[in-house]
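Asker: Chain residues, written in single-letter form:
Protein chains: 2
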Amino acid sequence: MDGRELVERLRRVVGDRWLLLDEHDLRTYESDGLLQYQQVPRLAVLPGTADEVRECVAACAQADVPWVARGAGSGLSGGALPVKDGVLIVLSRLTRILEVDLDNGRVCVEPGVTNAAVSTAVAPDFFYPPDPSSQIVCTIGGNVAENSGGAHCFKYGFTTNYVTGLEVVLPDGELVTIGGKELDTPGYDLLGAFVGSEGTLGVATKIWLRVVPVPEATRTLVAFFDSTRQAGEAVSAIVQAGIVPGAIEMMDATTIKATEAMAHAGYPVGRGAALLVELDGAEAECDAQFTEVTRICADQGSDDVRVSRDEAERALFWKTRKAAFPAMGRISPNYFVQDGVVPRTTLPDVLVRIDELAAEYGLTVANVFHAGDGNLHPLVCFDAAVEGQAARAEELAGRILDVCLEAGGSITGEHGVGVDKRKHMAKMFAEDDLAAFQRLRCAFDPDGRANPGKVMPTPRLCGEVPGVYRQHPLEAAGLAERF
Amino acid sequence: MDGRELVERLRRVVGDRWLLLDEHDLRTYESDGLLQYQQVPRLAVLPGTADEVRECVAACAQADVPWVARGAGSGLSGGALPVKDGVLIVLSRLTRILEVDLDNGRVCVEPGVTNAAVSTAVAPDFFYPPDPSSQIVCTIGGNVAENSGGAHCFKYGFTTNYVTGLEVVLPDGELVTIGGKELDTPGYDLLGAFVGSEGTLGVATKIWLRVVPVPEATRTLVAFFDSTRQAGEAVSAIVQAGIVPGAIEMMDATTIKATEAMAHAGYPVGRGAALLVELDGAEAECDAQFTEVTRICADQGSDDVRVSRDEAERALFWKTRKAAFPAMGRISPNYFVQDGVVPRTTLPDVLVRIDELAAEYGLTVANVFHAGDGNLHPLVCFDAAVEGQAARAEELAGRILDVCLEAGGSITGEHGVGVDKRKHMAKMFAEDDLAAFQRLRCAFDPDGRANPGKVMPTPRLCGEVPGVYRQHPLEAAGLAERF
Numbered sequence: 001m002d003g004r005e006l007v008e009r010l011r012r013v014v015g016d017r018w019l020l021l022d023e024h025d026l027r028t029y030e031s032d033g034l035l036q037y038q039q040v041p042r043l044a045v046l047p048g049t050a051d052e053v054r055e056c057v058a059a060c061a062q063a064d065v066p067w068v069a070r071g072a073g074s075g076l077s078g079g080a081l082p083v084k085d086g087v088l089i090v091l092s093r094l095t096r097i098l099e100v101d102l103d104n105g106r107v108c109v110e111p112g113v114t115n116a117a118v119s120t121a122v123a124p125d126f127f128y129p130p131d132p133s134s135q136i137v138c139t140i141g142g143n144v145a146e147n148s149g150g151a152h153c154f155k156y157g158f159t160t161n162y163v164t165g166l167e168v169v170l171p172d173g174e175l176v177t178i179g180g181k182e183l184d185t186p187g188y189d190l191l192g193a194f195v196g197s198e199g200t201l202g203v204a205t206k207i208w209l210r211v212v213p214v215p216e217a218t219r220t221l222v223a224f225f226d227s228t229r230q231a232g233e234a235v236s237a238i239v240q241a242g243i244v245p246g247a248i249e250m251m252d253a254t255t256i257k258a259t260e261a262m263a264h265a266g267y268p269v270g271r272g273a274a275l276l277v278e279l280d281g282a283e284a285e286c287d288a289q290f291t292e293v294t295r296i297c298a299d300q301g302s303d304d305v306r307v308s309r310d311e312a313e314r315a316l317f318w319k320t321r322k323a324a325f326p327a328m329g330r331i332s333p334n335y336f337v338q339d340g341v342v343p344r345t346t347l348p349d350v351l352v353r354i355d356e357l358a359a360e361y362g363l364t365v366a367n368v369f370h371a372g373d374g375n376l377h378p379l380v381c382f383d384a385a386v387e388g389q390a391a392r393a394e395e396l397a398g399r400i401l402d403v404c405l406e407a408g409g410s411i412t413g414e415h416g417v418g419v420d421k422r423k424h425m426a427k428m429f430a431e432d433d434l435a436a437f438q439r440l441r442c443a444f445d446p447d448g449r450a451n452p453g454k455v456m457p458t459p460r461l462c463g464e465v466p467g468v469y470r471q472h473p474l475e476a477a478g479l480a481e482r483f
Numbered sequence: 001m002d003g004r005e006l007v008e009r010l011r012r013v014v015g016d017r018w019l020l021l022d023e024h025d026l027r028t029y030e031s032d033g034l035l036q037y038q039q040v041p042r043l044a045v046l047p048g049t050a051d052e053v054r055e056c057v058a059a060c061a062q063a064d065v066p067w068v069a070r071g072a073g074s075g076l077s078g079g080a081l082p083v084k085d086g087v088l089i090v091l092s093r094l095t096r097i098l099e100v101d102l103d104n105g106r107v108c109v110e111p112g113v114t115n116a117a118v119s120t121a122v123a124p125d126f127f128y129p130p131d132p133s134s135q136i137v138c139t140i141g142g143n144v145a146e147n148s149g150g151a152h153c154f155k156y157g158f159t160t161n162y163v164t165g166l167e168v169v170l171p172d173g174e175l176v177t178i179g180g181k182e183l184d185t186p187g188y189d190l191l192g193a194f195v196g197s198e199g200t201l202g203v204a205t206k207i208w209l210r211v212v213p214v215p216e217a218t219r220t221l222v223a224f225f226d227s228t229r230q231a232g233e234a235v236s237a238i239v240q241a242g243i244v245p246g247a248i249e250m251m252d253a254t255t256i257k258a259t260e261a262m263a264h265a266g267y268p269v270g271r272g273a274a275l276l277v278e279l280d281g282a283e284a285e286c287d288a289q290f291t292e293v294t295r296i297c298a299d300q301g302s303d304d305v306r307v308s309r310d311e312a313e314r315a316l317f318w319k320t321r322k323a324a325f326p327a328m329g330r331i332s333p334n335y336f337v338q339d340g341v342v343p344r345t346t347l348p349d350v351l352v353r354i355d356e357l358a359a360e361y362g363l364t365v366a367n368v369f370h371a372g373d374g375n376l377h378p379l380v381c382f383d384a385a386v387e388g389q390a391a392r393a394e395e396l397a398g399r400i401l402d403v404c405l406e407a408g409g410s411i412t413g414e415h416g417v418g419v420d421k422r423k424h425m426a427k428m429f430a431e432d433d434l435a436a437f438q439r440l441r442c443a444f445d446p447d448g449r450a451n452p453g454k455v456m457p458t459p460r461l462c463g464e465v466p467g468v469y470r471q472h473p474l475e476a477a478g479l480a481e482r483f
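Residue numbers (our numbering), protein chains in the order written: chain A, 1 to 483; chain B, 1 to 483.
Hints were generated in silico from the structure; no laboratory data involved. The reader is advised that the hints may include incorrect statements.
In this list, chains with the same sequence are indistinguishable; a pair is considered to hold if it fits within one copy or across any two.
Below, simulated SDA-like cross-link-like pairs (lysine to any residue); rule was C-alpha separation at most 25 Å, straight line [claimed, not checked]: (1) Lys319 - Leu102; (2) Lys427 - Pro213; (3) Lys319 - Glu394; (4) Lys155 - Val212; (5) Lys206 - Gly329; (6) Lys206 - Glu406; (7) Lys155 - Glu216; (8) Lys423 - Gly266; (9) Lys155 - Asp349; (10) Lys84 - Thr294; (11) Lys423 - Leu20; (12) Lys427 - Pro333; (13) Lys206 - Ala426; (14) Lys423 - His24; (15) Lys423 - Arg309; (16) Lys427 - Ala312; (17) Lys84 - Ala123; (18) Lys423 - Leu175; (19) Lys84 - Asp125; (20) Lys427 - Glu174; (21) Lys206 - Arg11; (22) Lys206 - Glu313; (23) Lys206 - Pro348; (24) Lys206 - Leu363; (25) Lys319 - Ala261.
Values in this document were obtained by computation on a predicted structure and should not be read as measured data.
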């Protein structure tokens, strides 16, 4: 099948309206939330049903053309970056909620349903815990691809802890069901491997999710400290007291300043750190633990603990936290969002080391993060108009990851590897460990057509002997002439 | 490498003392906890270090001889059943606890460490939640292989929710690290796929586990009901009230009678059902919820709710529950332990259907189970001395699984597929879904040497084209002459 035949076949599958060939239309999809990488795809399709997705993937398989699946494009690691001579499969039309079964705590959705829509569908008694800051726009399909987290994942776990089943189109066009509505189906747990595989093993067309009862009570406070070290020690003390907050988030001085300018929550600009702690659960438990958290914050040096008096104030606390990324635009023309993980106990030392590195590079680094998980989101500020500053900022962002690795941590907590972190994978994994990943990839996508160039540090072809790879043909020769 | 060379090579690896060739010695290992399957292995090795395990597996790879890894052999699905002409790798000497890091809530152990020893190593402030009834003897390596559960998994999750990293010897003798001490490392989540793979993808030599703080308070009660239907409705009412008990276990009339004869807990023989409910968490939460659970049990018809007054009484409640399997020996010469899952809301109807089937077969079926998870453990009683009764009992056990599947459930909750449930896999999965499992298997064990004949319904060879398989050579021609 040549390029022209592929286009006609895709047109028959999705209809003329949902096949995009014009560069102007395609430019919408040139990047995801990670703006420093851009690539216009050769064409895009917007299938309307699972069956159309399957037919699009099968057509790409027959034409031997690579493809990338995309949800809302809000990802921050370039996981949905199109491939130059490939097809982009946009899933934003697959927005049906197929089943709501509250008796068994399950929801079945199509991949284009937004994260927030799942909680809305099961409100007011249930909710879907993983809550990326982008939850109003990001899709469940994208959440599954990246194993997305969020502020409440410290207590509640990540996407992988809530997906019980997937209907998946494999790269050869086969439709399979992995897991189901029940927890823990027999056979290999391929679910875990698919969740977080960043679109390289196939594309989910139906997703069974576990939802949980809304806790009886929620209590939220913000405590201000002189330093992130003090706040970090408060985090350790809270966790060591056996308290598992629903969320425990930290913002440093730079972030407080930036967010206050945007959200006007009355936060004291100039303080060294803010710690947002949310407790949820049974009323009685919340009250008892809330007293203890307040005491711990005071013991660790906070002289300013603010308790939300009503739902409006609680919403304001959260708005301030969730505004951190956009707010940074007020104090810096450009910034990189980094995503690294460190053991919780090393947080204070790692934050000091990041400050030292920022000084060495002459750049500002703001820190806002999921403190309970040790999941840092340093925002490396720079001005792209200043010659060489973007490159210096990117180098600094890489050095910060090295610090995370030296502390025994990881190069990504919840944003995924995508194109952005591939180069760091070899720092974290031995060659044999990467080869183990490649075995899985090759089992499901032997021809490397599904989201090529993501996750793995070097694109490789699957050989017949496991562990032996050749250069990927996309790198060796362009596919442009195929169209 | 011929059989003689393999024996000599293994002898050099583990030393003469830890190589078993004598049939008398080998008979110890002829079955696991599932006694109806027996097979003496050709030889057994007991390596003392991870490196020795790696060398044993590599030797088997070079000799192209199949092998089975075994922990304590307490599994109930025949997952550790030896292969006739294969090597049994017994991991019971790998009992070192390599690291205890309570600050970060992690423990690193060798596979032969028992489940209970992990909790002991982190006591009194922490514990390891997954708690199979066999926890005093069963090993963490076996728990990882079977993704073992236990009474507290309703609230706390299964083994897969606690393993953060594995060092694994792959079937070709390669040593790889999957995951690590941190949660959510980048790259494919192979951890999920390895946990529960029943020894068919490799053998774990080092296991990082998450441990959690011991809850501040624990309250335990047993409520007696006239029928399992009443007790089942109490379970639904408790869960719908938003209460997540640490454990919620049901025993039917037959089980009450059998366990009372053994444990002497003063349980009222003749009552239709006993519900054991354990709440744990913050003191204040426990007290509040305990009052509610007591009220719900009374509302659903229980006129006899007993609250444990001290740790000794709580231990007695649990001893009674955990004695259910051995106690059944007092009322029946033989029994099969079945393991199936149903959606919690269907529990009352499924229990009635099981009673009807038992009557149809003229056999007694006792029910004791993790009610919160809908994870049934029907004990099908029979007398092997009566001609044909064992076969009828096995047929009935299969029919019970069909009932679980019709209710939208699963053929195993926590005991695994092993040899016992292979034949049922095709009832639950479509051919394409099973082929997806096989892709994973072939990616890591293309020659089918690791625990062959388990999990998958028909043994197959990995072809060069995914999805195309040939007959497994072990079935086609014996390997006996190789030795």
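Asker: Check the structure against each numbered hint from earlier and tell me which ones fail, lowest number first.
Answerer: Those not satisfied are hints 1, 2, 3, 5, 8, 10, 11, 12, 14, 15, 16, 17, 19, 22, 23 and 24.
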